[in-house]
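Heads up: the sequence shown begins at 1 in my numbering, then just goes up one per residue.
Just so you know, these hints were derived from the structure itself, not from any lab. Source: prediction; values computed, not measured. Ideal placement from N, C-alpha and C gives every residue a C-beta, glycine not left out. It cannot be assumed that every hint is accurate.
As the list claims (entries may be wrong) - Quick list of simulated restraints, FRET-style, between CB atoms:
hint	residue 1	residue 2	range
1	S597	E20	54 to 62 Å
2	N88	N329	45 to 53 Å
3	R552	G610	19 to 27 Å
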Amino acid sequence: MLESINSPEDIKKLDVPSLEQLCSEVRDYMIECCSVNPGHLGSSLGAVELIVGLHKVYDTPHDKIVFDVGHQAYAHKILTGRRDAFRNNRRKDGISGFPRMDESPFDAFGVGHSSTSISAALGLATAARMEGRDEKIVAVIGDGALTGGLAYEGLNNAGASKADLLVIVNDNNFSIDRNLGAIHEHLLHLTTNATYNRIKTHVWNAIGENGLRKTLKNLTANAKHSIIKGSGGDIFEALGFRYFGPIDGNDIGQVVSTLQKIRGLGGPRVLHIITKKGKGYAPAEQQQTIWHAPGIFDPETGERISTKNGISRYQDVFGATLLDLAEHNPKIVGITPAMASGCGMNLLAERMPDRFFDVGIAEEHAVTFSAGLAAGGLRPFCNIYSSFSQRAYDQIIHDVALQNLPVVICLDRAGLVGEDGATHHGCYDIAAYRSVPNAVVATPADEVELKNMMYTASLSEGGPFIIRYPRGCGENAPWKDCDYEVLEPGHGVRLVTGREIAVIAAGPFVYRAKEAIGKFAESEGYAPSLYNIRYVKPLDTALLGEACKDHRVIVTVEDGCIAGGLFGAVSEYVAENGHDVRVHGIGIPDEFIPQASQSEQRELCGLSAGRIFETLQTAASEL
């Protein structure tokens, strides 16, 4: 059946049994594709019926569906003319893993970060009203994303606006890590009310296995609704929304029927659906955290196929080092916005739960909460993915830097992140944070330097102390056996003494630069010098002075944006001090880098050893 579905128009012709079959085939297709081409599988498996139902009831793309994050949107892509293209999902020159406006007219709004859907959908609904268009607008948001402050702001404004907007809360009782916060607890209460569940169980057992069960699902849903209303009101209705549900979001008949009934209703509405993350694939249902993004696996057995090379990941270094530091310093605490397992802080959570704080998807709160902890005498380590730290820029400036509080901010997934693409690259952090007074911006070259910079940060008296490091494996440096060493901020190190050209590198690209210099020496008969800058802020001005004095050309290498990054910092120093030296910059250009593997993206940006070698040749030709 799936092969005959080329657009939502084909879905509208199907009856409920045919829709059930279609949902099953979509799941099988997603599992088949993702087993060899990894992606965000679990959430998309759980949302199949919802997406099929939306495209059957609504007139897309005239009517518009706005997804939150987009982890649940795979069925949407498959059913909107991208079935074959989905085999290259997240690959170079393939389709994005997230909805993108420039990819399809069915993608009403581009997403990738959490909690944006309600605000964006409200904007679309308001624009449709002002332009006199009869579009229906739907925002789909997961319960985990409701911990984000932007979702609250959108709900508050939408409720007050009386806009014609449907918000669907996809409640799977699960985010990447455990859901937290009052909204989640409220939704959990709706599904665990004791009176409701006593009625449901009694009736379910009484009727046995017969055709009445489907009918009585609707009756129990109505009973649940009444109990909820009688128990003290609903948070959504307090915000100005009409509340519908909860309904079984994995029952396509119930989804379609409910959407048909509420589609024509005006004003702000919330439909609360209950789904199962990983629905229809037993391994994904049983281990939901792992199967959020499982990597390569055997679709028949569910056995995950390891691609590890035995080299530690930076997140593993962070997690183990934080735990060790915390064991020796009782003031150290860990804070994460819903990424404990992703950043390695789960180790601290398991061993010292009273010194671990998962604040949910709330980066702004994570930073200001950390500032409060620091003001209270503790030493917080706040770990945020670099791309998501953009949301907390104000808090880093206003609440940490302005007050010079000793908050250690570790930016995981800095630089180019690979298949998640432009929404998730952490390439703006150097440019953003080196302009902030009192801030330290550290760029460890390998696992040992990450460990020692964390140690150095734990001793720092001011802040913020920002440490950025990439996604994935390190350089196989012997971090487990090395002793702690203070790496003084503002002090880099010369690794290769050469002539004519000085290469100043940040982060692991010190190693790629070293490879390029070796190749250059073989080709040209002499070696450029190589410096590991270590800190972009404060700069090692003595090191830069030496590089300018002894060389005719400087080449900077970084996995951040060239504009305002290390290249900018070095160029500013050269100009301000009147040095007669040419500066070349290698880094991320002034454009958004699309999805591809990390190695492909680095090649594109000139950050591979081979491309750095080519830049050195160009620099040498100008001597």
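For each hint, the structure was consulted:
no. : hint                    : in the structure
1   : S597 - E20: 54 to 62 Å  : 37 Å, violated
2   : N88 - N329: 45 to 53 Å  : 48 Å, holds
3   : R552 - G610: 19 to 27 Å : 24 Å, holds
Consistency note: the structure conflicts with earlier hint 1 alone.
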